[in-house]
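Q: Just so you know, the sequences run in chain order A and B. Heads up: the first sequence begins at 1 in UniProt numbering, then just goes up one per residue. Heads up: the second sequence begins at 1 in UniProt numbering, then just goes up one per residue.
Hints are computed from structural coordinates only; laboratory data are not their basis. Careful: at least some of the hints might be erroneous.
It does not matter which identical chain is used: a pair holds within one copy or between any two.
Claimed, not checked - Cut-off 25 Å, straight-line C-alpha distance, at most; resulting in silico cross-link-like pairs (BS3-like, lysine-lysine):
1) K63 x K168
2) K230 x K267
3) K63 x K188
4) K59 x K206
There are 2 protein chains.
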Amino acid sequence: MTETMQRIVLARRPQGEPVDEDFRLEEAPMPTPGDGEVLVRVTNMSLDPYMRGRMDDAKSYAKPVEIDHTMEGGAVGEVIASNHPNFAPGDFAFGMFGWASHGCLPGKELRKLDPAHGPVTNALGVLGMPGFTGWFGLMEYGRPKAGETLVVAAATGPVGSMVGQMAKDLGLRVVGIAGGAEKCKLAKDTFGFDECLDHRAYANAKALRAALQEACPNGVDIYFENVAGKVLEAVLPLMNVGGRIPVCGMIAWYNAGALGGNQQGEKDQLPKMWRTILVNRLHVHGFIISDHFARFPDFLSDAGPRVASGKIKTVEDVAEGLENAPRAFMNMLKGGNFGKQIVKVAD
Amino acid sequence: MTETMQRIVLARRPQGEPVDEDFRLEEAPMPTPGDGEVLVRVTNMSLDPYMRGRMDDAKSYAKPVEIDHTMEGGAVGEVIASNHPNFAPGDFAFGMFGWASHGCLPGKELRKLDPAHGPVTNALGVLGMPGFTGWFGLMEYGRPKAGETLVVAAATGPVGSMVGQMAKDLGLRVVGIAGGAEKCKLAKDTFGFDECLDHRAYANAKALRAALQEACPNGVDIYFENVAGKVLEAVLPLMNVGGRIPVCGMIAWYNAGALGGNQQGEKDQLPKMWRTILVNRLHVHGFIISDHFARFPDFLSDAGPRVASGKIKTVEDVAEGLENAPRAFMNMLKGGNFGKQIVKVAD
């Protein structure tokens, strides 16, 4: 056991897109586990879009990361010291260790990993928070019915690929949206989407809408919202009467300051949206997955076997080394990742 | 029985606010009831904001009124001839007779009025479509709980006053918004609202929001949406986590062309709205009451006794004469009515 650990802290609040100078890699003393605590050597950490929100000082559902504090995030690793009866050295566990080489948390905040659930990194993606987000939003608020049509963007990300694969398995027509031909191929060939549109191939929301309309001849019953922006504008008029929109994110707007509004001075889209909600009797449900962790066991028992059997697949994009986490994060916010973005911190 | 009837037709589609020239009063032959049909002499007709939507040619949940056709609407009247076993001359019935002195419809499309439900005009307001809209939206999508706070605008209209009075009866704090001090007094003194704000007293959404915040010290759990515009902008940031927004109308935007967007070139409000839905985990439900008429008997059995006992009150604004319907309608769209707007067509 070394006497110091490494961590990445928030050096300052980003203006728009984060840049290198917003992060700082530093050494810190190795923590000593107190009563009931467990010390973990992190092997893999997760990068997720929600972390962008934590970097801003805006009022949100969670407190922002403070300046000079470790960037927040989930990670998996090996227990190297434990004062908690449920954990022993050599166990693997998931916890909110942050962007760091080691983490020390109360044992009750950790989840021991079940080898039946495949590689430990599954706990960061397909069987972790992102997969749970997709599963819960789809099942609880999407209320999928066989024969319906679902649209989801960021189709190859860990949320979108869970949503699409679950919906396919339940008998829906699934149309994805992704950035680039390679991701669209992944969505169709690996994740089994019926269709996937490359949003970069369409100059504006109107052009994307025309392509979506063709891909969804019976309209759209469920739009699983994780990106907003141009995709939202394109999909909204295609929603069928009684359609459902679970809203778990809006990555297209995450860099737009306090998300206060359109940066291009376009006209107000709110009246049109509100009218569509009324006329098409839509049901829009915002949700934050951390409210619903009581349902996590339901998720594991439903999705776990589908992952184990290969019915639900996962693709990971692995950055090497903690020091590369900021770059990988910035790249992910621009859609540069290919599958679930992970950082390999140690073997 | 005269040999002609009077009716008001849509002379042309309005540009923005309707004007006199958009309507035309004309004579038409008195219809003769066919098999199963009932002829009714209209005594009172209803004026409702949804009728503004029918005047436009835009795609909506219902077909527009065609040029030179009778303006649509609900009315009550006395049966004067019947070929349907359930109706006899002298009965009073509700039906979609339109803006007309007489109407002839299949008996199965009419509803015979129950004297236990008070004056026949109750069937146009508190115990008709508007009251049902308020009751259903509140109960089904608002999911009211004692101790919560509800905000509703157009507080003295037939929808808003039902929503507010039902919510009060269920133990909620009820804050109304209305146009003018007199309506606010009506909302508080007659309908029993805890508070009512005069939106005209506030220069903009921000000022209205500050006043609302004071009136809703525990935030807003249910915003019953029937007006949109400035009120929506004011309320949205005050919504509590898990808040519900039943959306039944948006009168503030009804005259805005095809409702395509903000007419003042203000910045796009959609990202802020969408973010609030996510961060505050809101549930937004558009609904069109005509989808839910199967629940009308539930409504009558719940609200009927409350109206009969005087627990739920109603206030009517009566225009005299069919020829004055267009003016009364235009006035209502500007909020000039005081209570449920009715036209007395005949004694």
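Q: Take the hints in turn and mark each one as holding or not.
A: Hints and how they fare:
In this assembly of identical chains, K63 and K168 lie within 25 Å of each other by CA distance neither inside one copy nor across copies; the values are 36 Å within and 35 Å between. In the homo-oligomer, the alpha carbons of K230 and K267 lie at most 25 Å apart both inside one protomer (14 Å) and across protomers (16 Å), since each shortest distance falls under that limit. When the C-alpha separation of K63 and K188 is checked against a cutoff of 25 Å, the pair qualifies neither within a copy, at 38 Å, nor between copies, at 39 Å. Proximity of K59 to K206 under the C-alpha cut-off of 25 Å is restricted to the inter-copy arrangement: shortest distance 18 Å between copies versus 33 Å within a copy.
Violation of the numbered hints given earlier is confined to hints 1 and 3; the remaining hints are satisfied by the structure.
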